[in-house]
Each structure stands twice: as C-alpha cells, then as structure tokens.
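Asker: Sequence:
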Amino acid sequence: MRRLAVPFLLAAVLTGCTSTEPGTPESGGPTPTAGPSTGTSTGSRAMNRPKSVDLTALDPCSLYTDEVKTALGVRLVTPRDPLPDYGEGSKTCSNNYEDPAYSSSIYTLLNGGVDRLKQTIGEAELAAVRVAGYPAYVDKRDTAAGPACDVYVDANDGQLLLVNAVGGFGEDGATVDGACERATGLANAVGPVLATR
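To convert a position in the sequence shown, counted from 1, into our numbering, add 28.
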C-alpha cells in the first residue's frame, strides 16, 4: 500500500524551513483512498530528538499556541474525530488559515514509526529532513482533493506526528510546493512546543 497518510475526508474543510538530506529523492504520486493497515515498527534505532514525546497522551490541538497561530496566520483550530487507521487512541486537530488556499491538520500516529512509514509509503517517496530538531520525512503529491504535503515527525519510537497541508478547495494558485511550505512551516512552529510535552 503506497499511502500512510489519511484519506482526505474533506466534507468538513480541514481547516519554516527544513533541510533536505542530499541524494534523497522526492516524488509525487497518486494517492489511494485506503488508510494504512495496523501494525507496529521496531523503532530500534537510536534517534537524535530534542525530546522523545509519548503521543498517546498528546492533544495535537494543544500544539497551536497563540504564538504559533499569530506567526502562521491560523484562523481556526478544530479537533476532529480520530482516525482508526492511525492506531487506538490516535487524535486529530485541523486548522484553517487566513489565506483560504490551504488548510492543515496534525495527527498522532500510534501504530508504527519510521520503519513502518518507509515500508508503507516507500523510502524512495520520502525526503529526509530535520524539523525543529526532530528527524522527519516529507511526502509531496497531487491528490484528487488538491496538492498536498505530509511531514512525518519522528516524535517517539513507534509513533509519528503527522503534519499535513492540502491546497485547492476551489482556490486558484494552490501548488504542491505551497502545501509543503504550509506543512513544514507548521511542523517547525509546533516542534518546539512538542519538545516541552
């Protein structure tokens, strides 16, 4: 299965800098509508994280501090129903920006870490980056819902914080690069907050 990212259920509108490691390919591709199967990864590698955070107790909406909202032009933050495909106890929080061309969401993925991500999406589809000091992986693509970008932050062994942005919604000018600018900007803004949990 190619896609670990959430199928875009956008009936209710969901609603900065990273350094790519040299030689890591990036690719956009079609997105199936199915979510991931359940399972875990070993998470056995030692990670260089500012702090390992157990995401089972994290409310992703708590990462949107007043400073984050102001810096990124976030207009509305809304908790969403959890996605069973992301593991028992997973949580979702979405935001709208003042610029209506994009929206973002933050998900806690509790049923597998980096090893599972690479197996599910495919290592060649992921660009390895650092986000607010955390190891992370970027997946750019065009979807039926619009251009999209996922940033998977390696927050803990066997767990990922997914920061996603999608563009479109009838707005002209939304691009995959624009979606990645939103997703990486949000990931870099909430990463330091994550490290305090």
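Among the hints, erroneous ones may be present.
Dumping the calculated SDA-like pairs for lysine to any residue here, alpha-carbon to alpha-carbon at most 25 Å [said to hold, decoys possible]:
id, residue 1, residue 2
1, LYS146, ASP127
2, LYS146, ARG77
3, LYS146, ASP82
4, LYS97, ASP205
5, LYS97, PRO128
6, LYS79, ASP205
7, LYS79, PRO128
8, LYS146, PRO128
9, LYS79, SER90
10, LYS97, GLY186
11, LYS79, ALA173
12, LYS97, GLU116
13, LYS97, ASP127
14, LYS79, PRO220
15, LYS97, ASP113
16, LYS97, ASP87
17, LYS79, GLY161
18, LYS146, CYS121
19, LYS79, GLU126
20, LYS79, THR224
21, LYS146, ALA160
22, LYS79, ASP127
23, LYS146, LYS97
24, LYS97, PRO163
25, LYS146, VAL81
26, LYS79, LYS146
27, LYS146, PRO112
Cβ-Cβ distance ranges computed for the label pairs, FRET-style [unchecked claim]:
id, residue 1, residue 2, range
28, THR84, GLY161, 27 to 33 Å
29, GLU151, ASN76, 32 to 38 Å
30, VAL221, ASP143, 34 to 40 Å
The hints are simulated quantities; they were obtained by calculation from the structure and are not laboratory data. Beta carbons are placed, not taken as given, at the ideal position from N, Cα and C, and that holds for glycine.
Asker: Hint by hint, note whether the structure agrees.
Answerer: Results for each hint:
1. At most 25 Å may separate the alpha-carbon atoms for a hinted pair to count; LYS146 and ASP127 exceed this at roughly 32 Å.
2. About 19 Å separates the Cα atoms of LYS146 and ARG77, which keeps this hinted pair within 25 Å; it holds.
3. Taken as a hint, the LYS146 and ASP82 pair is honoured in the structure, with Cα atoms around 21 Å apart against an allowance of 25 Å.
4. Simply put, LYS97 and ASP205 have alpha-carbon atoms about 21 Å apart, close enough for the 25 Å limit, and the pair holds.
5. Between LYS97 and PRO128, the direct Cα distance comes to roughly 15 Å. Compliance with the 25 Å bound is thereby established for this hinted pair.
6. For the given pair, LYS79 sits about 29 Å from ASP205 by alpha-carbon distance, which is inconsistent with the 25 Å threshold.
7. Of the pairs offered as hints, the one joining LYS79 and PRO128 is violated, with about 33 Å between alpha carbons and a cut-off of 25 Å exceeded.
8. Proposed proximity of LYS146 and PRO128 is contradicted: the alpha carbons are some 32 Å apart, above 25 Å.
9. Taken as a hint, the LYS79 and SER90 pair is honoured in the structure, with Cα atoms around 17 Å apart against an allowance of 25 Å.
10. Proximity of LYS97 to GLY186 is assessed by CA-CA distance (about 29 Å); at most 25 Å being required, the pair is judged violated.
11. Restraint check for LYS79 and ALA173: not satisfied, since their Cα atoms lie roughly 34 Å apart, outside the 25 Å limit.
12. Among the hinted pairs, LYS97 with GLU116 is inconsistent with the structure: their alpha-carbon atoms are about 28 Å apart, more than 25 Å.
13. Distance restraint check for LYS97 and ASP127: the Cα-Cα separation of roughly 13 Å lies within the 25 Å cut-off, and the hinted pair is therefore satisfied.
14. Taken as a hint, the LYS79 and PRO220 pair is honoured in the structure, with Cα atoms around 10 Å apart against an allowance of 25 Å.
15. Simply put, LYS97 and ASP113 have alpha-carbon atoms about 28 Å apart, too far for the 25 Å limit, and the pair is violated.
16. Restraint check: the Cα-Cα separation between LYS97 and ASP87 comes to about 16 Å, which is no more than 25 Å; the hinted pair holds.
17. Note on LYS79 and GLY161: the hinted pairing holds, with a Cα-Cα distance of about 9 Å set against a maximum of 25 Å.
18. For the given pair, LYS146 sits about 24 Å from CYS121 by alpha-carbon distance, which is consistent with the 25 Å threshold.
19. Straight-line distance between C-alpha atoms of LYS79 and GLU126 comes to about 31 Å, which puts the hinted pair past the 25 Å bound.
20. For the proposed pair LYS79 and THR224, the alpha carbon gap of about 8 Å is at most 25 Å, so the pair holds.
21. With a C-alpha separation of about 21 Å, the suggested pairing of LYS146 with ALA160 holds against the 25 Å cut-off.
22. Annotation: proposed proximity of LYS79 to ASP127 is violated, straight-line Cα distance about 32 Å (limit 25 Å).
23. Taking the CA atoms of LYS146 and LYS97, the gap is near 31 Å; set against the 25 Å cutoff, the hint is violated.
24. Simply put, LYS97 and PRO163 have alpha-carbon atoms about 23 Å apart, close enough for the 25 Å limit, and the pair holds.
25. In summary, the hint linking LYS146 to VAL81 is supported, as the alpha carbons are separated by about 21 Å, within the 25 Å threshold.
26. For the suggested pair LYS79 and LYS146, the alpha carbons sit about 22 Å apart, so the restraint of at most 25 Å is met.
27. A threshold of 25 Å between alpha carbons decides the hint, and for LYS146 with PRO112 the separation of about 20 Å falls inside it, so the pair holds.
28. A hinted range of 27 to 33 Å is violated for the C-beta pair THR84 and GLY161, which are about 22 Å apart.
29. The hint said 32 to 38 Å for the Cβ distance between GLU151 and ASN76, and at roughly 19 Å that hint is violated.
30. Checking the proposed 34 to 40 Å range against VAL221 and ASP143 shows it is violated: the Cβ atoms sit about 26 Å from each other.
Of the numbered hints stated above, those contradicted by the structure are hints 1, 6, 7, 8, 10, 11, 12, 15, 19, 22, 23, 28, 29, 30, listed in ascending order.
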